[in-house]
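Line by line, the protein sequences give chains D, C, H and S.
Take the first sequence: its letter number 149 is residue 148 in numbering that gives the first Met the number 0, and every next letter is one higher.
Take the second sequence: its letter number 34 is residue 33 in numbering that gives the first Met the number 0, and every next letter is one higher.
Take the third sequence: its letter number 125 is residue 124 in numbering that gives the first Met the number 0, and every next letter is one higher.
Take the fourth sequence: its letter number 43 is residue 42 in numbering that gives the first Met the number 0, and every next letter is one higher.
Incorrect hints may appear among the rest.
The list treats identical chains as interchangeable, and a pair is accepted whether it falls inside one copy or across any two copies.
[Stated by the list, open to error] Here are the simulated DSS-like pairs of lysine-lysine, each with C-alpha atoms no more than 27 Å apart in a straight line:
| # | residue 1 | residue 2 |
| --- | --- | --- |
| 1 | LYS67 | LYS20 |
| 2 | LYS51 | LYS117 |
| 3 | LYS20 | LYS51 |
| 4 | LYS67 | LYS51 |
| 5 | LYS67 | LYS57 |
| 6 | LYS20 | LYS57 |
To be clear, the hints were calculated from the coordinates, so they are not data collected in a lab.
There are 4 protein chains.
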Amino acid sequence: MRRPAGGSSLASASSRPRTLKSVARRNAILDAALDEFSARGFAAARLDDVAKRAGVAKGTIYLHFADKESLFQELIRFKMGPVVGTLESVFAADLPLRTMAEQALEIFVREVYNTQRKQVLRLIISEGPRFPVLAEFYYREVLSRILRGVRAILRHARERGEIDDDAFIRFPQLIGAPGIIAIVWSGLFDRFEPLDVRAMMQAQFNFLFGTRRPQ
Amino acid sequence: MRRPAGGSSLASASSRPRTLKSVARRNAILDAALDEFSARGFAAARLDDVAKRAGVAKGTIYLHFADKESLFQELIRFKMGPVVGTLESVFAADLPLRTMAEQALEIFVREVYNTQRKQVLRLIISEGPRFPVLAEFYYREVLSRILRGVRAILRHARERGEIDDDAFIRFPQLIGAPGIIAIVWSGLFDRFEPLDVRAMMQAQFNFLFGTRRPQ
Amino acid sequence: MRRPAGGSSLASASSRPRTLKSVARRNAILDAALDEFSARGFAAARLDDVAKRAGVAKGTIYLHFADKESLFQELIRFKMGPVVGTLESVFAADLPLRTMAEQALEIFVREVYNTQRKQVLRLIISEGPRFPVLAEFYYREVLSRILRGVRAILRHARERGEIDDDAFIRFPQLIGAPGIIAIVWSGLFDRFEPLDVRAMMQAQFNFLFGTRRPQ
Amino acid sequence: MRRPAGGSSLASASSRPRTLKSVARRNAILDAALDEFSARGFAAARLDDVAKRAGVAKGTIYLHFADKESLFQELIRFKMGPVVGTLESVFAADLPLRTMAEQALEIFVREVYNTQRKQVLRLIISEGPRFPVLAEFYYREVLSRILRGVRAILRHARERGEIDDDAFIRFPQLIGAPGIIAIVWSGLFDRFEPLDVRAMMQAQFNFLFGTRRPQ
DNA sequence: GATGAATGAGGGTTCATTCAT
DNA sequence: TATGAATGAACCCTCATTCAT
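Please work from the sequences and hints to get the whole structure.
Spelled out as structure tokens, the structure:
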């Protein structure tokens, strides 16, 4: 369930730990923090538990992060940063709309939904309103880029006659909506009624782009 | 000496308080609690602030609610309970699908989105994962009923030939998705890029049910 | 050894506790704080110990004082404030220089040296350099007034021909010097060689004003 | 593996360190420590800052001193030790009282007041009460010697008929008092009202020994 | 020797909860 | 009922001290 969180850390800031051990420790702390923050929320999470889970002493956290809030913010940045690069490359391709949607779905499921990043997104959703800097980071570095890319693709598709509706362009959120809904749902209701993300996204795509061979 | 401040777990029901003043006080506390919990999250909210905002003493809160968590849970129940009844009546009607969707949209915007209930939903989304009882309450008392109602309507509509797809029935969440997305979005990104709920829901309806006179 | 610290609290600021109990508690905390701060210094003193000594819970301290530093500053103000008034009245009288000196000596010994105020002065001397606000308070509210009063008296005495030297007026500190020295000495060396404040002050007065019947 | 960083409690003596570098380092640490202890007090000073200021690693301090308190005590000893010798030589001379006083004044101003030693004395005054060993060291190694010397001189002077008062002999502290007062004053009130040590000491000498050519 | 990352006990502060009035 | 002073457990953060390199 833990992933050593390699990743290029495009957006991560501050902190320049030299040794390998130091990096490993930092990552262990970040992973532990993600677990604890996810399980209890930012305010209720205890750095004591983060330390315990990371296998370090409490003070060690402060060698890597200025305080609890910094840890939280850097956590989000660190785990989210790498996505950006990946996304840009998807948008670069020039394929039929539906194909791209399928690809995006796969990327989302593989890189986000079945990943720590699901927790990260949940944290952004939960805590974002109390951390404007964080919400802004996510909007600027991730979301707005995705939206821009999607809109470009959609405009392209319309020029090619693949779609005739401009609702897409006004509300590209609708494309990702099922993904977000699934993330929210899974945290709340999965034990009552599990939800098949992939299938729901497919269904939405069918509505949006018309029925195709799904997969 | 203390009154455990029942609340039978059944939806709303202002747990039989004696005087009128008492009811008013209780409501004031609930309103204040909603504001504070929304602004700071459950864990970070201070009962001191709730009391101040409600214009009562801190101890008074404990005359109406067993503890902070009870206050939170009863808050959700109290603010969400009434919705249920309203919804049932909508489902009862037997109108064309699109018409019903339009009605549901209006109800959602009027009764939820432009209301305290938006905050309540946000709280459920944010804090629900840490309050299984609450998630269960919401699922059982609200969500599952809505889904059941929607599914019934959809099945009806299919029988009437209004729709031929069973994706609806498998994923009725897609109908409400834009509403949830808008609630999440508004808490995070409205200052960067506001979102027109109504229009986005319309757009989604167009995709789902085909284009109609939107209003 | 403790003195309930009545006193009019001329300079004391903030905090308006209503009840008698509240005032008593506040005073108990101030007394305990004086003891602890005196024994260990500001930085090393533990509020835990202050609370214990005052017979209250740790949190209670924060009902009366914003934080450790406030407690410290208000302590100094509270214990020093009352002196001011007393002093003014001494200066008001119009007596022979030596007589006034004798009176000042008595007041100093009675009101300061054999009092909590000795500890307070020691704290001002020890911690003042790190608490400029405090040093300023003491200078403005106490010291400068004393110096002003003394200088006025001396000028008067010179006009009367009681003294012909202006060294007094330039360095009125010399009059109080033995008192301060005694306070410093007693904290450091009393166990090796005790010092008789009264006698030393008398000796200094003899040097300054010429030998007289010392009382 | 560690060297307990002796320091035999005898005054100064840079506890026989091997290399020249080592001595320099030790001195750098002592200087840095003096600065930090003076600025923040013993308890609040951070060894981290001492190390930074001394240009060494934190651990290095522990190669030279057993712990924070040892560093502090050795600091006082090291900076105060040398004074002793100097003083003895002054007392050895056999000059008129006033002349000796003038000389002592000069030595005090040159060797103490315009020196790091002023800070050291301030530290003794501030922290001495919490460090009995230190107060004892200072009393035994410095103060009692000075007092003994002064008393000897005074007795001598009386035999010569230079003075007829025994107040001096009972309270030789009065001779040094203005120096101590000036040190205390300068740390607290110099920004409000600076004090001319030399002049104040002269004034006191005039009172004590009668007016003479002040240089 | 020298370093500085790591440790973890300690202490200031907060705040849910209690209870005397 | 209502109050709000009092409580004390809990938690973030600091920093003296250790120790592997």
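Hints and how they fare:
Taking the shortest alpha-carbon separations for LYS67 and LYS20, only the intra-copy value of 22 Å comes in at or below 27 Å, while the best inter-copy value is 30 Å. Only within a single protomer do LYS51 and LYS117 lie at most 27 Å apart by alpha-carbon distance; the minimum there is 23 Å, versus 37 Å between protomers. In this homomeric assembly, LYS20 and LYS51 come within 27 Å of each other (Cα to Cα) both inside a single copy, at 17 Å, and across copies, at 24 Å. Taking the shortest Cα distances, LYS67 and LYS51 sit within 27 Å of each other both inside one copy (15 Å) and across copies (26 Å).
In the homo-oligomer, the alpha carbons of LYS67 and LYS57 lie at most 27 Å apart both inside one protomer (11 Å) and across protomers (23 Å), since each shortest distance falls under that limit. In this homomeric assembly, LYS20 and LYS57 come within 27 Å of each other (Cα to Cα) both inside a single copy, at 17 Å, and across copies, at 21 Å.
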